[in-house]
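Participant: These are the residues of each chain, in order.
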Amino acid sequence: MSDLPMNTFRDCLPGIVYGGDYNPEQWPREVWREDVELMRAANVRLVNLGVFSWSALESADGEFQFGWLDEIMDLLAGGGISVNLATPNASPPPWLAEDFPETLMVERSGVRVGVGGRGHFCPSSEVYRDRSRRIARELAERYRDHPALAMWHVGNEYHALCFCDRCDERFRGWLREKYGSLDELNRRWGTLVWGQRYNDWPQVHLPRSSRGMMNPARELDFARFNSAIQLELYTAERDLLKAVTPQVPVTTNFMQFFRLNDYQRWAPEVDVVAFDIYPDPADPEGLVKAALQYDLMRSLRGGEPWMVMEQAAGAVSQWPFNLVKQPGRMRLGSYQAVAHGADAIMFFQWRQSRYGQEKFHSAMLTHGGQSTRSWQAVLALGNELDRVAGVATARTSAEVAIVWDWENWWAVEGCAHPVNTYSYKDTVVSHYRALWAANVAVDVVNLSQDLSQYRVLVVPNQYLMSQDQQDAVRRFVENGGHAVVSYFSGIVNEDDQVIPDGYPGGLRQVIGGHVREFSPLASDTKVTVRAVDGQELVEKTFTATATGWQDDLVAESGQVIAEHADGYLAGQPAVLDNSLGAGRAVYLGTRLDQPSLETLVRAVLGRAGVRPVHAAPAGVEVTERRTGDRTFLFILNHGDDKAILRLDRRGTDLLTGQVLDAGHELVLEPAGVVIVESPLS
Amino acid sequence: MSDLPMNTFRDCLPGIVYGGDYNPEQWPREVWREDVELMRAANVRLVNLGVFSWSALESADGEFQFGWLDEIMDLLAGGGISVNLATPNASPPPWLAEDFPETLMVERSGVRVGVGGRGHFCPSSEVYRDRSRRIARELAERYRDHPALAMWHVGNEYHALCFCDRCDERFRGWLREKYGSLDELNRRWGTLVWGQRYNDWPQVHLPRSSRGMMNPARELDFARFNSAIQLELYTAERDLLKAVTPQVPVTTNFMQFFRLNDYQRWAPEVDVVAFDIYPDPADPEGLVKAALQYDLMRSLRGGEPWMVMEQAAGAVSQWPFNLVKQPGRMRLGSYQAVAHGADAIMFFQWRQSRYGQEKFHSAMLTHGGQSTRSWQAVLALGNELDRVAGVATARTSAEVAIVWDWENWWAVEGCAHPVNTYSYKDTVVSHYRALWAANVAVDVVNLSQDLSQYRVLVVPNQYLMSQDQQDAVRRFVENGGHAVVSYFSGIVNEDDQVIPDGYPGGLRQVIGGHVREFSPLASDTKVTVRAVDGQELVEKTFTATATGWQDDLVAESGQVIAEHADGYLAGQPAVLDNSLGAGRAVYLGTRLDQPSLETLVRAVLGRAGVRPVHAAPAGVEVTERRTGDRTFLFILNHGDDKAILRLDRRGTDLLTGQVLDAGHELVLEPAGVVIVESPLS
Amino acid sequence: MSDLPMNTFRDCLPGIVYGGDYNPEQWPREVWREDVELMRAANVRLVNLGVFSWSALESADGEFQFGWLDEIMDLLAGGGISVNLATPNASPPPWLAEDFPETLMVERSGVRVGVGGRGHFCPSSEVYRDRSRRIARELAERYRDHPALAMWHVGNEYHALCFCDRCDERFRGWLREKYGSLDELNRRWGTLVWGQRYNDWPQVHLPRSSRGMMNPARELDFARFNSAIQLELYTAERDLLKAVTPQVPVTTNFMQFFRLNDYQRWAPEVDVVAFDIYPDPADPEGLVKAALQYDLMRSLRGGEPWMVMEQAAGAVSQWPFNLVKQPGRMRLGSYQAVAHGADAIMFFQWRQSRYGQEKFHSAMLTHGGQSTRSWQAVLALGNELDRVAGVATARTSAEVAIVWDWENWWAVEGCAHPVNTYSYKDTVVSHYRALWAANVAVDVVNLSQDLSQYRVLVVPNQYLMSQDQQDAVRRFVENGGHAVVSYFSGIVNEDDQVIPDGYPGGLRQVIGGHVREFSPLASDTKVTVRAVDGQELVEKTFTATATGWQDDLVAESGQVIAEHADGYLAGQPAVLDNSLGAGRAVYLGTRLDQPSLETLVRAVLGRAGVRPVHAAPAGVEVTERRTGDRTFLFILNHGDDKAILRLDRRGTDLLTGQVLDAGHELVLEPAGVVIVESPLS
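Those sequence lines, one after another, are chains G, Z and Y.
If you want our numbering, it's the position in the first sequence, counting the first as 1, plus 159.
If you want our numbering, it's the position in the second sequence, counting the first as 1, plus 159.
If you want our numbering, it's the position in the third sequence, counting the first as 1, plus 159.
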């Protein structure tokens, strides 16, 4: 994981980078000059160029038209604007589909899709792979020494999922490599259930339309395979770009809560994490979800600064109702990303399209032009960001980690579970929210990463755990860590096979108890959980509502800190608190209401000695980034009312230049942002 | 648009025509004689014959059996009943599908449908076209001089939508003819978005299953194409019938709120508009929707009388719950059609089937036979209609027009708009309801028609507007007209490309303002709009609730008559009132609650000097039809209670024969109907 | 219907049989010995073996591996445990699909499914039929004399539904045999509706994807065909097993409320009815539905004892929320089955799987092992059942019958009916509930069975009635029976053709009235029905709410006992009471609320002289089984509170051994069960 290319890049583009996707081919040349002028006015320093330009650059197989791109590259370079140049593989031109129909994706039903949208390619097609790499190579060779070239943007939001015969064949090959023998595959997939034992490789297929439920281990491997073959598309292009321009950083843009790609496996292959984020203004939890995603992006490469590669200046257009960002909220959201480690704020897209599928997706410069509130906000933010240039490359230091794990996501939402309406995303958000509300710094990790730096580890419904992961949690606690583990964790191994000897087979020693039976609650059922007298973690008056799930739980070494107060499990344990080695593990055997979960998590944080970054009223988020000698405090008022916060340190408000004394009463407007720089003491 | 055939027809069948679909092939011969007797009893004068008789008339390719049809034609002629003879192309026989599988329709997914329903044909199949025309020609030749033949009923409710290779090829040809060159197509479809530029015609396809959203200009052209190729099926048969029987009028039956066919383009090709209407008794707005549809049918051919070709005597069977028409409501609905210009009241069908898909669809003569309330109502109405014979050919004169436009329907419900749960139909109904409640005569037009006769023009969400249409609205206002334009109008041109220079590019001068940003509201959000002091159109106490949408609106020459009272747009304009030339335009930048919309529309009508046809209490609809020297006032009580109305003129109640003085207090029973004939003063 | 095999079987396995599905191939050999030990501890006497073992028994075409099965058969025999040996046709191995793709099922859309689930075979494939019979024959030959072999379990839960060309061809053949000529098919299908008359057999197809609604008579025949071709799969294997082991009973397991198979036609072909039942603990009506299904299972073979072949010890896993069975409820449900005639209580499955699709489906021995409440309950019940051994072979004697008819189910839920959201299942459950609440013994029959033994016959929405069935109901009443008939009965004949001369053509004489029009009510509409003075069946204060449906009903010989009190049918009859011959028929022309329906049904039972099995408070179910000289009273407390019941006889509580005097006050705990044995006096 050499960071040489990124260093080189940061030398060219210091501070917080500002910009967006640029699609000049949609506009006549007279607009291009205005674009560059307005970009300069808005302090745009980087544009993503050519993301969807394949058909404009290669009008027929092997017939290239780089003239217009030369021209725009020169124009941008002349304006001092750098380019994140795309390899345009995300949307192959119609000629490719017409000349080579096998390049088109096949749906699960067997229907081969047509052209007209985007992303309609088969990731296994040799022709697609050859042609997309050829144009990437052409671009690299042509612009290798162009002064505008700052970075490579490989493809766009990889999301291929194909069921064609070629993919089927590759899946078989992938399995053959993974398992070595059919016997091993049969054993680990458990094919004797429902009598589906394979006796020859050609019988093994990807999961097309079937009768009845499908083997879940096959589904899980298919998910792994899909992430892997897409990553392979990326790395192949990256390698050929690196061969030509070794100093230019290469990345691709990740997506929010995106199930298809295991970005924890992808991140080591990019030079910088680039992220597309579209929080829904209609979702009151949108900003918490964004914070979780930002922390994940930062954690993906061990805390390195990352880029917001796409966000919307205003409304998007793909949802049933597409709400605008109200005054101040785009700015607030941008600073929230920086507060969580972003060093670049970029938009899709620079200039709003007049036609096509995304013409009502907002842009930096919308149809309404320079008269709009939206443009004024874009303009102001671009210029304001210069004041926070010093934040760039600063890091976040977290004592708390929460688990987010793609393999678990795929497995825990599998078929025929005790509850089949389950959302892994909602569960992790709920647990993360408790940490976010406490204003502690959080890393987002999986259990195969090094956990030694953390004091608290939150493990939400980690159904799938390999032996190594089980060991990691046990070691984390034994070595003095504080774990919070919620129900339906430690149930199956990496082959989706139940770990024997009672639930949670993988964590029984850690939680100090076992589960005799899972007891889901009907969707309209609520039960009560109450504290048990004489334990340390929650008040004896603690009472919670629980929904959705109950464990029929038996305490072993664990102390019962809360029990069921009603229902047929009345009097049985609901929450355990176990000592193991030098650490502690709290186990939640049911789903507590959100305030009660937050109370419990705060108690664990307190016991572990984890302090908030800064005291703050509800609705005010505070984070911190540090360089070797400076600390930057980000204070963000997400509320609709003014908020007051008494500063715990002396420092300079970067956005106003004002020096603030310790004890100063900061008054934050709704959507207000204060960034305080202080020397590291 | 020669009306020669219709005049000939009206000479044979004067007055209000009564009748229905007749499917004698489902019944043994002994029933036929009873049918004719009962038809005569009910005053049936026209039957639609042979709509689904292809398989009964041509048992195998080229083997015709006209014997039974000869017999029934003679029997009907003997009974003095005329025939609207169908060409039976709507449901090809199984042998056609078996001998020529390419005649079967292909779904978007690529699945070729089977036989067993109806309408399962590909509209582009050469074999289908050949065979359906051959049997039409056989019928024309055989019955050209038959005394029963009064009219031709070509096909039935055209609704073909096929995705086969032959249709794909024709779509390509249609585009080639429209655009001339691929460059023109690329430019107008905006194919550079998402990199889908075509460089050779064979790459262009109809929109089959795809990945991601589809190019909206392609979708729009596909909608135009589908309407056109179906119309071409109709005109080809019409032409061959005309060649044999030039004096016999030809038509096909249109459907209610039917998205697939642009009946404004179809109407010039029929000799008379024929309409199938099934208002849902469970829908409280059903009668308003019916009125809108009736006004559309009348307007389609410039005010010519039209025919209800199908309605139900009682319940239908295709909905989740199929409610009966309660006592008096079938009669009331029939007179409502006449009140809006219909000169024929016909039913599907004469005798209820004993088997098949529609056996629980009511009929003039149901399974319950002559004992039923339903038959009594059919019998009574048929005989009563003789009393209103004088209404036939009378016209409606409207000073108000509302826009209904298929191209806009297709475009405004396209993908990736600010709000994607939008219903064009509901929007137009809501605007129309305001006019209907005011009891003013309304024409339903599109903006490519001559608007010079109208004083008020209502333009609901006319998203798509060609340059000519923009000009037409501007000229309408400049010349003294009063326009009401609602938000999201004048946004794109006929290629679904945003009109430049700010929203609404096409109407900025007309409305006297521009929109900086569209600001949809979440589905559960309501905001308040209130009048601004000192303007003329609404009271200063006017307050409305708005939902769904807000414009970030800037007044230019327009006067702000209402503003947002809350939300982040508080204090910004919600409704503008603009003077332009000799006229006025009121612009609604949000969606007002229905009563407020009605208040506003009434104010505009008042200012424009448009008066109700007659004063009436709520729930009572009044319309007028006129001949050269007579006027007919239709007074319809849709309410569940008695209603009283003081007559403004002297005249004769056609249904009772009573002479009524001006000032007479008419007492209308629930579902009551009064038709007053007066001399034109 | 010789019961020789069952007698032989009962000699080997007397009393109430206990056991479950056993899938030893999922476990290593060391587990097998523990299994046998624990089975013995739990009093398991029969296991279903090899249900999904095809791929484990035949690894490639013709390569058999019986070694492991030999071993486990011997082990079980050694432990005194009998085997219900399966022919493993329910889930063909992957090699069959790969070598012979035509063995895979085709969906209605035309998609051929892949392997990986189960039941993915085409029931018409010659290869599938050949190979599945070959392995059945191999098993029969190999284990014909094995001491463990007690019974044959042919296939599993037959549920094939295939649309391939081979099935299409067979459907055509089936129709040809049924109708003889195309003319007859055309006449009885009513193909002249929508012009779909066939003129050559190859034009006739099974109902693939189509345009518009499909011919309902074709749909109905397709339903008959699907049941028939699956039954034929079963009988073919049964016959070959019988040829080898004539003394061994053969069966297959039926499913609950399973629409695809007409088990009334299947039942004569099995030696004993075997039933899989999974009541949902979240459904408050679950136990009533179970009772109905149990009564159906008992009635299928004229009252013979039957087997619960599969139930769950705890939660299942296929529903959105899978609730556990709370303490005592598994035991209660098991005794409920015995109370309704079951002589075997078996489970899916013995040991919970560690992997695959059903790993969270509970089992007798769950992942939690012997520590669980669930295992304790399984263990206790297995041993307790010895005390009720005397119940085995005892019969139930019912004076009341309710109609459940698959042909009606298929037809009454057909397309384009007056109400299209109708559920036949819910309707029958609602009527059955009235009988269940009255604690009378009920047989579940269809109208083609002998009805002479019953005093009361309940006929819920029997839309389809052949002439014979119409006659049967008329004769039943004429001979002194009491019928309760609800609306939309007697409407069509067996070809789904409306019976002429007014509704209900088939029952007009029986109900003493006719229906002029069906008048469905919108889903949110309620109307009131009230008693008419001076009739005998209900109190004059009787008032009911009605929803969903009204008949426009005319009384003829029938007496109006309740009328509509509001709505446009106010004053018209709602319920008729008719005398015909020696009997009475009550006709419900609307859907009464449940308490009112129960009141009315109780009144009919009272008038017919039908008494409850035993007086009991609400929530307590009482049934009776009798042998030649003993009677067994089952008293089951389904409530959540204690219940008290004063015994009407002297007897012995089988579960405690206590002798109870007549008049004894039994105190039943929640979920409590008492079984009282008395001599037959």
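Derived by calculation from the structure, the hints in this document are not laboratory data.
Check before you lean on any hint, since a few could be wrong.
Identical copies carry no separate label here, and so any pair may be met within one copy or between two of them.
SDA-like mimics (lysine to any residue), calculated; alpha carbons at most 25 Å apart, straight line [as the list claims (entries may be wrong)]:
(1) K401 with R424
(2) K685 with L819
(3) K584 with Q753
(4) K685 with L839
(5) K801 with A777
(6) K401 with E558
(7) K685 with F480
(8) K584 with L399
Participant: For each hint, tell me whether it holds in the structure or not.
Facilitator: These are the hints, each one checked on the structure:
1. K401 with R424: within (20 Å within a copy, 59 Å between copies)
2. K685 with L819: For K685 and L819, the Cα distance exceeds 25 Å both inside one copy (49 Å) and across copies (42 Å).
3. K584 with Q753: within (15 Å within a copy, 40 Å between copies)
4. K685 with L839: Neither: 49 Å inside a chain and 49 Å across chains, both beyond 25 Å.
5. K801 with A777: within (11 Å within a copy, 50 Å between copies)
6. K401 with E558: The answer is neither: 36 Å in one copy and 72 Å across copies each exceed 25 Å.
7. K685 with F480: Answer is between; shortest inter-copy Cα gap is 14 Å, intra-copy 32 Å.
8. K584 with L399: Result: close neither inside a copy nor across copies, 36 Å intra and 54 Å inter.
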